[in-house]
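This is what each chain is made of:
2 protein chains.
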Amino acid sequence: MNDRKPIVAQSTPKGTGALALIRISGEDAFTVFLQIVMQTERFKNAPPRKISLYTLMDHEKKKVLDEVTAIKYTSPRSFTGENMIEIICHGGEVIIREIINALIKNGAQQASRGAFTRRALENGKIDLLKAEAIQGIIESTNEPDRLCAQRMYDGKINALLSVKDTILKVQTELDAEIEFGEEERISDTRESGRETILRIISDLEKEIRLREKITNLIGGIRIIITGPTNAGKSTLFNTILGFQRALVHHEPGTTRDMVSERMLIDDHEIKLIDCAGIRETSNDVERQGIIISRSAINTAHLILWVTAANETLSENEKQEIKANVFGKRAIGIINKCDIEDGASKVAIFKEEGITHCLISLKQGKNVDSLLTIVKKEIDFISSSIEMPEILLNKRFEELGKKIMLDLLKADKEWNRTEIAAHYLKKAYSHFEEIFGANNNEEILNRIFDNFCIGK
Amino acid sequence: MNDRKPIVAQSTPKGTGALALIRISGEDAFTVFLQIVMQTERFKNAPPRKISLYTLMDHEKKKVLDEVTAIKYTSPRSFTGENMIEIICHGGEVIIREIINALIKNGAQQASRGAFTRRALENGKIDLLKAEAIQGIIESTNEPDRLCAQRMYDGKINALLSVKDTILKVQTELDAEIEFGEEERISDTRESGRETILRIISDLEKEIRLREKITNLIGGIRIIITGPTNAGKSTLFNTILGFQRALVHHEPGTTRDMVSERMLIDDHEIKLIDCAGIRETSNDVERQGIIISRSAINTAHLILWVTAANETLSENEKQEIKANVFGKRAIGIINKCDIEDGASKVAIFKEEGITHCLISLKQGKNVDSLLTIVKKEIDFISSSIEMPEILLNKRFEELGKKIMLDLLKADKEWNRTEIAAHYLKKAYSHFEEIFGANNNEEILNRIFDNFCIGK
Numbered sequence: 354m355n356d357r358k359p360i361v362a363q364s365t366p367k368g369t370g371a372l373a374l375i376r377i378s379g380e381d382a383f384t385v386f387l388q389i390v391m392q393t394e395r396f397k398n399a400p401p402r403k404i405s406l407y408t409l410m411d412h413e414k415k416k417v418l419d420e421v422t423a424i425k426y427t428s429p430r431s432f433t434g435e436n437m438i439e440i441i442c443h444g445g446e447v448i449i450r451e452i453i454n455a456l457i458k459n460g461a462q463q464a465s466r467g468a469f470t471r472r473a474l475e476n477g478k479i480d481l482l483k484a485e486a487i488q489g490i491i492e493s494t495n496e497p498d499r500l501c502a503q504r505m506y507d508g509k510i511n512a513l514l515s516v517k518d519t520i521l522k523v524q525t526e527l528d529a530e531i532e533f534g535e536e537e538r539i540s541d542t543r544e545s546g547r548e549t550i551l552r553i554i555s556d557l558e559k560e561i562r563l564r565e566k567i568t569n570l571i572g573g574i575r576i577i578i579t580g581p582t583n584a585g586k587s588t589l590f591n592t593i594l595g596f597q598r599a600l601v602h603h604e605p606g607t608t609r610d611m612v613s614e615r616m617l618i619d620d621h622e623i624k625l626i627d628c629a630g631i632r633e634t635s636n637d638v639e640r641q642g643i644i645i646s647r648s649a650i651n652t653a654h655l656i657l658w659v660t661a662a663n664e665t666l667s668e669n670e671k672q673e674i675k676a677n678v679f680g681k682r683a684i685g686i687i688n689k690c691d692i693e694d695g696a697s698k699v700a701i702f703k704e705e706g707i708t709h710c711l712i713s714l715k716q717g718k719n720v721d722s723l724l725t726i727v728k729k730e731i732d733f734i735s736s737s738i739e740m741p742e743i744l745l746n747k748r749f750e751e752l753g754k755k756i757m758l759d760l761l762k763a764d765k766e767w768n769r770t771e772i773a774a775h776y777l778k779k780a781y782s783h784f785e786e787i788f789g790a791n792n793n794e795e796i797l798n799r800i801f802d803n804f805c806i807g808k
Numbered sequence: 354m355n356d357r358k359p360i361v362a363q364s365t366p367k368g369t370g371a372l373a374l375i376r377i378s379g380e381d382a383f384t385v386f387l388q389i390v391m392q393t394e395r396f397k398n399a400p401p402r403k404i405s406l407y408t409l410m411d412h413e414k415k416k417v418l419d420e421v422t423a424i425k426y427t428s429p430r431s432f433t434g435e436n437m438i439e440i441i442c443h444g445g446e447v448i449i450r451e452i453i454n455a456l457i458k459n460g461a462q463q464a465s466r467g468a469f470t471r472r473a474l475e476n477g478k479i480d481l482l483k484a485e486a487i488q489g490i491i492e493s494t495n496e497p498d499r500l501c502a503q504r505m506y507d508g509k510i511n512a513l514l515s516v517k518d519t520i521l522k523v524q525t526e527l528d529a530e531i532e533f534g535e536e537e538r539i540s541d542t543r544e545s546g547r548e549t550i551l552r553i554i555s556d557l558e559k560e561i562r563l564r565e566k567i568t569n570l571i572g573g574i575r576i577i578i579t580g581p582t583n584a585g586k587s588t589l590f591n592t593i594l595g596f597q598r599a600l601v602h603h604e605p606g607t608t609r610d611m612v613s614e615r616m617l618i619d620d621h622e623i624k625l626i627d628c629a630g631i632r633e634t635s636n637d638v639e640r641q642g643i644i645i646s647r648s649a650i651n652t653a654h655l656i657l658w659v660t661a662a663n664e665t666l667s668e669n670e671k672q673e674i675k676a677n678v679f680g681k682r683a684i685g686i687i688n689k690c691d692i693e694d695g696a697s698k699v700a701i702f703k704e705e706g707i708t709h710c711l712i713s714l715k716q717g718k719n720v721d722s723l724l725t726i727v728k729k730e731i732d733f734i735s736s737s738i739e740m741p742e743i744l745l746n747k748r749f750e751e752l753g754k755k756i757m758l759d760l761l762k763a764d765k766e767w768n769r770t771e772i773a774a775h776y777l778k779k780a781y782s783h784f785e786e787i788f789g790a791n792n793n794e795e796i797l798n799r800i801f802d803n804f805c806i807g808k
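For the record, the sequence lines run as chains A and B. Residue numbering for the first sequence follows this note's numbering, beginning at 354 and increasing consecutively. Residue numbering for the second sequence follows this note's numbering, beginning at 354 and increasing consecutively.
Not one of these hints is a red herring.
Below, computed lysine-lysine pairings styled on DSS-like, alpha-carbon distance capped at 27 Å:
#  : chain 1 : residue 1 : chain 2 : residue 2
1  : B       : LYS517    : B       : LYS483
2  : A       : LYS729    : B       : LYS414
3  : A       : LYS747    : A       : LYS483
4  : B       : LYS728    : B       : LYS715
5  : A       : LYS478    : B       : LYS416
6  : A       : LYS483    : B       : LYS367
7  : A       : LYS414    : B       : LYS728
8  : A       : LYS778    : A       : LYS762
9  : A       : LYS728    : B       : LYS414
10 : A       : LYS416    : B       : LYS728
11 : A       : LYS729    : B       : LYS416
12 : A       : LYS509    : B       : LYS414
13 : A       : LYS747    : B       : LYS416
14 : B       : LYS509    : A       : LYS414
15 : A       : LYS566    : A       : LYS509
16 : A       : LYS779    : A       : LYS509
17 : B       : LYS729    : A       : LYS414
18 : A       : LYS415    : B       : LYS483
19 : A       : LYS624    : A       : LYS715
20 : B       : LYS415    : A       : LYS729
21 : A       : LYS478    : B       : LYS403
22 : A       : LYS414    : B       : LYS483
23 : A       : LYS509    : B       : LYS415
24 : A       : LYS728    : B       : LYS458
25 : A       : LYS483    : B       : LYS403
FYI, nobody ran anything at the bench for these hints, they're computed from the structure.
Bound conformation, chain A alone:
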């Protein structure tokens, strides 16, 4: 390990804040740090895990970089198992950049994604599944995702282990049969083994669907605002957001690209999307925008269809409502109810069984009750998501798909015992990736590439 430069990175997010945390780890971490610290004796004498104040200097440029606090961790009692320092500096981007540059100039190297965790793994300080679980907890932007990661962190992977053991058991039975069995008739064991495999396939199918729902929640519950032009979509977007963002303009087709914003509603992460106006258009760019918006509608959790009370329901809008909103969670919002009663719009929403709400964004009428309806929908969407038990993260999901595929092949060839056994073996081998990844450089690279810098 002597040939390895210490790694350094900012562990807190980019951007300006009051403070930032920089980590440096490696056998020579202390030597490197001492090159930029003014109070060298203080650092040398500081007991491990005790925080002290230091002035950081770029000696070459003769320039004070910052006054910081820093904590010394001595190997092996650190996150990585190596000598390590956590520097808490002021959170200015220039400061952080200069401190890291100074450390690199004095012998450190920029840490790649997940490099600290990887060293912790190499030094036996953490196991891979736990490391992945931590990354999952960090990245989760929604409760189901976080609960999955938490379950993994707590080591609750019994369901996955049980799938693994069951496949091995059935495969062993098939092997025994190949060795000793009667070839003429399908034995009871083989039949019950097939049932077991079919049950696993169905479990995995269900879990894959659950994971898709969770993946769909990444970045938050997607609420899309759509409907004909000039109905007040951008105004509604801004009203919900509480601040001006989209360009509001009288000319139809203004919101050409989609505008979206992340926000919190009752502690739920929401991605609010203001969609291009749905209408026939001869303009190329606009048509492109409309294609994008159609696909956004398809993946949205909740559709807010905004339409104007003072405009008659066109045959086109009627078709669009039927086509886009059908079978989805949607709220029909009839705006400009201060001008007219919007009876034809009420009728179509009633006909389609869609909750509707008459509002006037201009006068602020009924906006509160609309928000209440939206919140209820969010609660419903959030609580209706069931938790996976086997496929606890994206990587497990991918392996789950491979396992399922091989099990399906095994099932198809069940009567040709050798081939079925071969596919069961293949299915079982995918567990290697999950549990034996520690020894495989390529798998490790793939996993750590998804980690944060500074983690």
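Dock chain B against chain A, hints included.
Just chain B now, kept in the frame of chain A:
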């Protein structure tokens, strides 16, 4: 202070990172923290300034929030002078939100901007100028701004103090003359006093201009890409950026709003702006975009005028180049040189004395040399900024303007000694705001409203 709830805030920037730092400060900070910590004895027995590992729990929801490290600071030996804890947790947005919510549920309150520094000020742990300087260092996105804040942090405010003392001296002399002086003729003292005041006015004028230049650098050196439609502006933008961002499309007028991106070039903070195509248009929204782009050109540090070699120079473009680029730092970029030699474009740039560069973005021809020219310009712009010595931050600048105004009035009324003396007194009184702000709630509110949350 007993009636004051502890304050809590995330001190690191929002967003997802490996780690985040949460601060809690107040007499009851430890009591509140103990409500959510599992290892209560460990925390109670932990010596101050020693970091330890804790599991945080939401006992009400019976849920583990995170495994964190935390440092205990006991009053008065902390940043705020109060009992304080720094919690280093995993950097997921959900985690951070839940920890802060749990602390608030157990008796803390969300800290407002600069609330920690304000408590430090109240407890005599820091003086206001130093606190402002730290905030200045944090916020600075460019070297001159940072150096100003550093100068202030180091207490190098002699120039400002000298202005203050000089005004007082002249004013005292005027007062003496009012009491004892001859009214008939302008005395030597008065004349030299006037010269002194005029010198201060001119110094302040120069400093205000310097500060404007620095303010103009906030968010980075602004480089604007502009020129006629279809010349390859968005492609150049993406080339410089190194990744796809603006919508590239064959239809003229596509980049309707400005697209901009922050980036680093040779350690300089750059704001690269892709501007709406400058052309006559009948479209309302586009015309709006063009007005915005004109004003962006006026405040840019560097203009990249992109034009196509294969299109003849229109009278309109000629006028636009003369009008927009005149007297500014600009590079004329003649794209599509793989199709034609662009002689008419070369001529106009030569005529206007603008550095030009023939490139082909499609073939990647000459792009490197263009980037070299751009980098040279950035170096020039960055190094040509002189440092202020008196007006070290925005607040000083505002007070400097007020002082200058009063000195100008004094100068105008110099022969009416009483009135001149009155304005000198008024000018002097503004220093109260700088040096006596500690006792003025309103001034403090104004100052701290500009601080970070968690600072």
